[in-house]
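Please take these sequences and the hints and turn them into a complete structure.
Just so you know, the protein sequences line up as chains A and B, in that order. Going by the working numbering, the first sequence opens with residue 38, and the numbers climb by one from there. Going by the working numbering, the second sequence opens with residue 38, and the numbers climb by one from there.
Note that identical chains are pooled: a pair holds if it fits in a single copy or bridges any two copies.
DSS-like mimics (lysine-lysine), calculated; alpha carbons at most 30 Å apart, straight line:
| # | residue 1 | residue 2 |
| --- | --- | --- |
| 1 | 309 | 347 |
| 2 | 297 | 191 |
| 3 | 125 | 76 |
| 4 | 105 | 129 |
| 5 | 191 | 176 |
| 6 | 76 | 119 |
| 7 | 76 | 347 |
Worth flagging that the hints you see were computed from the coordinates, not collected in a lab.
Number of protein chains: 2
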Amino acid sequence: MSDRQGSLVSFRPDIKVVDCTLRDGGLVNNFEFSDDFVKDLYLANIRAGVDYMEFGYKASKEIFSPDKFGKWKFCDEKDIRKVVGDNKTDLKISVMADVGRTDFHKDILNRKDSVIDLVRVATYTNTIPAAIEMLEDAKKKGYETTVNIMAVSKVPLDDLTDGLELLAQSSVDVIYLVDSFGAFYPEQIERLCDKYLNIAAKHNKKVGMHAHNNQQLAFANTIEALSLGVSYLDATVSGMGRGAGNCYMELLLSFLRNPKYNKIAILNFIEKHIQKLKEDGIVWGFDIPYLMTGILNSHPSSAIQFIKDKRNDYSMFYQELMDNVL
Amino acid sequence: MSDRQGSLVSFRPDIKVVDCTLRDGGLVNNFEFSDDFVKDLYLANIRAGVDYMEFGYKASKEIFSPDKFGKWKFCDEKDIRKVVGDNKTDLKISVMADVGRTDFHKDILNRKDSVIDLVRVATYTNTIPAAIEMLEDAKKKGYETTVNIMAVSKVPLDDLTDGLELLAQSSVDVIYLVDSFGAFYPEQIERLCDKYLNIAAKHNKKVGMHAHNNQQLAFANTIEALSLGVSYLDATVSGMGRGAGNCYMELLLSFLRNPKYNKIAILNFIEKHIQKLKEDGIVWGFDIPYLMTGILNSHPSSAIQFIKDKRNDYSMFYQELMDNVL
Numbered sequence: 038m039s040d041r042q043g044s045l046v047s048f049r050p051d052i053k054v055v056d057c058t059l060r061d062g063g064l065v066n067n068f069e070f071s072d073d074f075v076k077d078l079y080l081a082n083i084r085a086g087v088d089y090m091e092f093g094y095k096a097s098k099e100i101f102s103p104d105k106f107g108k109w110k111f112c113d114e115k116d117i118r119k120v121v122g123d124n125k126t127d128l129k130i131s132v133m134a135d136v137g138r139t140d141f142h143k144d145i146l147n148r149k150d151s152v153i154d155l156v157r158v159a160t161y162t163n164t165i166p167a168a169i170e171m172l173e174d175a176k177k178k179g180y181e182t183t184v185n186i187m188a189v190s191k192v193p194l195d196d197l198t199d200g201l202e203l204l205a206q207s208s209v210d211v212i213y214l215v216d217s218f219g220a221f222y223p224e225q226i227e228r229l230c231d232k233y234l235n236i237a238a239k240h241n242k243k244v245g246m247h248a249h250n251n252q253q254l255a256f257a258n259t260i261e262a263l264s265l266g267v268s269y270l271d272a273t274v275s276g277m278g279r280g281a282g283n284c285y286m287e288l289l290l291s292f293l294r295n296p297k298y299n300k301i302a303i304l305n306f307i308e309k310h311i312q313k314l315k316e317d318g319i320v321w322g323f324d325i326p327y328l329m330t331g332i333l334n335s336h337p338s339s340a341i342q343f344i345k346d347k348r349n350d351y352s353m354f355y356q357e358l359m360d361n362v363l
Numbered sequence: 038m039s040d041r042q043g044s045l046v047s048f049r050p051d052i053k054v055v056d057c058t059l060r061d062g063g064l065v066n067n068f069e070f071s072d073d074f075v076k077d078l079y080l081a082n083i084r085a086g087v088d089y090m091e092f093g094y095k096a097s098k099e100i101f102s103p104d105k106f107g108k109w110k111f112c113d114e115k116d117i118r119k120v121v122g123d124n125k126t127d128l129k130i131s132v133m134a135d136v137g138r139t140d141f142h143k144d145i146l147n148r149k150d151s152v153i154d155l156v157r158v159a160t161y162t163n164t165i166p167a168a169i170e171m172l173e174d175a176k177k178k179g180y181e182t183t184v185n186i187m188a189v190s191k192v193p194l195d196d197l198t199d200g201l202e203l204l205a206q207s208s209v210d211v212i213y214l215v216d217s218f219g220a221f222y223p224e225q226i227e228r229l230c231d232k233y234l235n236i237a238a239k240h241n242k243k244v245g246m247h248a249h250n251n252q253q254l255a256f257a258n259t260i261e262a263l264s265l266g267v268s269y270l271d272a273t274v275s276g277m278g279r280g281a282g283n284c285y286m287e288l289l290l291s292f293l294r295n296p297k298y299n300k301i302a303i304l305n306f307i308e309k310h311i312q313k314l315k316e317d318g319i320v321w322g323f324d325i326p327y328l329m330t331g332i333l334n335s336h337p338s339s340a341i342q343f344i345k346d347k348r349n350d351y352s353m354f355y356q357e358l359m360d361n362v363l
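Dropping the structure here:
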């Protein structure tokens with residue numbers, strides 16, 4: 038197993054914090070954030086020393102109708118610029134592009150024409166060749182790139198190894214370990230990090246971590262990964278994200294010792310915006326149905342429906358899940 | 038560092054699960070549980086295969102007026118028996134006795150006259166000799182015993198080592214690592230477990246873990262401890278406990294692979310009782326003020342007050358805490 042990198046008192050300058058509140062949080066409220074929310078989050082991230090802010094998806098307007106989603110599903114250049122201008126700050130701008138759901142030839146501009154710095158490609162293991170096509174396109178256009186391999190908890194280990202080797206030979210900068218279903222325990226994260234870090238190191242790539250909170254382990258798994266050498270860390274304000282949500286930004290910034298990080302800016306943002314969001318009926322975060330989909334390693338959609346239906350017959354729900362996923 | 042014990046697929050027969058819902062949860066609602074709640078929890082614990090159920094404290098009626106607290110602050114023999122009869126089950130009964138707050142000579146009966154199996158003594162490091170007096174009394178009366186050393190995150194390491202050595206030479210069966218303020222990260226739990234386990238092993242004692250959820254790490258720290266060889270694991274239903282609460286029983290039972298454990302019984306209990314408790318205005322669980330007292334390694338009382346006052350000026354609260362605790 039990998040040795041721990043750094044100590045709890047020092048800091049590692051290779052760490053990069055990525056705020057995914059708009060992107061993963063957008064899955065909760067259909068990307069319908071107020072302009073105020075987005076602007077204040079941008080300012081808070083700058084003040085907090087966050088390294089990247091992900092504005093949302095670069096979704097295809099052929100597939101998804103702009104009438105039906107908020108603008109951060111699409112992240113038009115003009116919409117980002119309305120918030121960040123030319124972004125003369127240390128905060129870099131990121132967008133996510135799903136394999137098969139992005140018109141990347143058209144919608145991802147040359148970097149010199151864009152304020153975006155980082156293009157993150159989300160893929161399943163069976164679409165890795167298509168992901169590499171997108172990654173090479175983005176790299177040629179001048180972007181930093183990451184790849185997020187989703188749902189690895191459902192993939193045979195050999196397939197994952199082969200996929201990681203393929204990606205490591207591409208031009209991608211960072212390969213993300215993603216716990217899509219909140220299914221992994223820290224011991225499993227340790228083993229997977231070992232695999233990702235070994236393959237990445239051979240090709241001079243970095244590794245990232247994107248966790249979900251189905252078992253209240255998003256933060257624990259993120260700091261487990263970082264202590265082993267993972268350097269790109271995804272988090273969202275108050276864990277806002279689909280289902281059980283993500284690693285809390287306020288927990289992560291409290292853990293990191295680099296004096297450039299300042300959680301107070303995030304606390305002020307929470308005070309102004311997050312409670313209001315919850316009062317408006319936007320729901321996310323750990324709850325028993327997500328625990329169940331987590332331990333059964335399955336997509337949270339059935340749990341989201343269970344909560345929407347205001348059911349609380351937990352043991353019946355568990356039986357339904359067992360019928361459907363095992 | 039200690040090697041991991043067992044795997045994620047097998048189980049360790051030395052593991053014992055201790056339900057502290059009435060005891061730590063009682064700190065939230067002044068020990069005023071309905072008789073139905075207590076009876077159903079007892080039945081749920083039996084069905085779930087939980088090893089010990091802690092009914093509450095053995096508090097001194099000289100110090101605490103029975104008019105001002107629910108009966109589980111005192112755990113009179115007759116009150117426990119009203120729930121469990123002679124307790125002809127595999128579930129053992131536990132009570133907690135605080136050093137300096139228990140008339141143990143009078144209130145802790147001989148075991149042959151009691152349905153209680155386990156007496157747990159809670160102490161600070163500076164009262165360990167007094168704790169040992171209580172532990173020896175309980176052992177002589179025929180009980181299993183544990184000692185919970187509280188607030189160790191504030192204690193110089195040498196004092197802790199000396200205290201552990203003293204306790205290990207007593208007749209106590211189990212020494213608990215307690216993260217009173219939810220201040221420890223898993224890496225710190227690993228180092229502390231190493232210390233506790235090494236000292237305990239020399240004297241043939243077991244080690245237990247009692248975690249708090251200020252940083253969403255109660256479950257993560259509990260399974261970290263167990264994977265290193267800790268065998269007594271405290272949890273409460275839905276994490277009910279003071280402030281940020283405890284390790285969730287439903288998470289812990291989902292993790293354990295011993296077929297004797299059955300989380301369904303706990304889910305049914307939650308469905309019937311926990312939502313109602315929350316609707317009645319009983320509040321516990323992770324929240325930002327607890328995160329702050331956790332990272333500042335301080336008692337949650339100020340955070341409990343902050344929430345009671347319905348404040349949400351988080352960054353001002355943080356400044357107040359810094360003034361008071363650092």
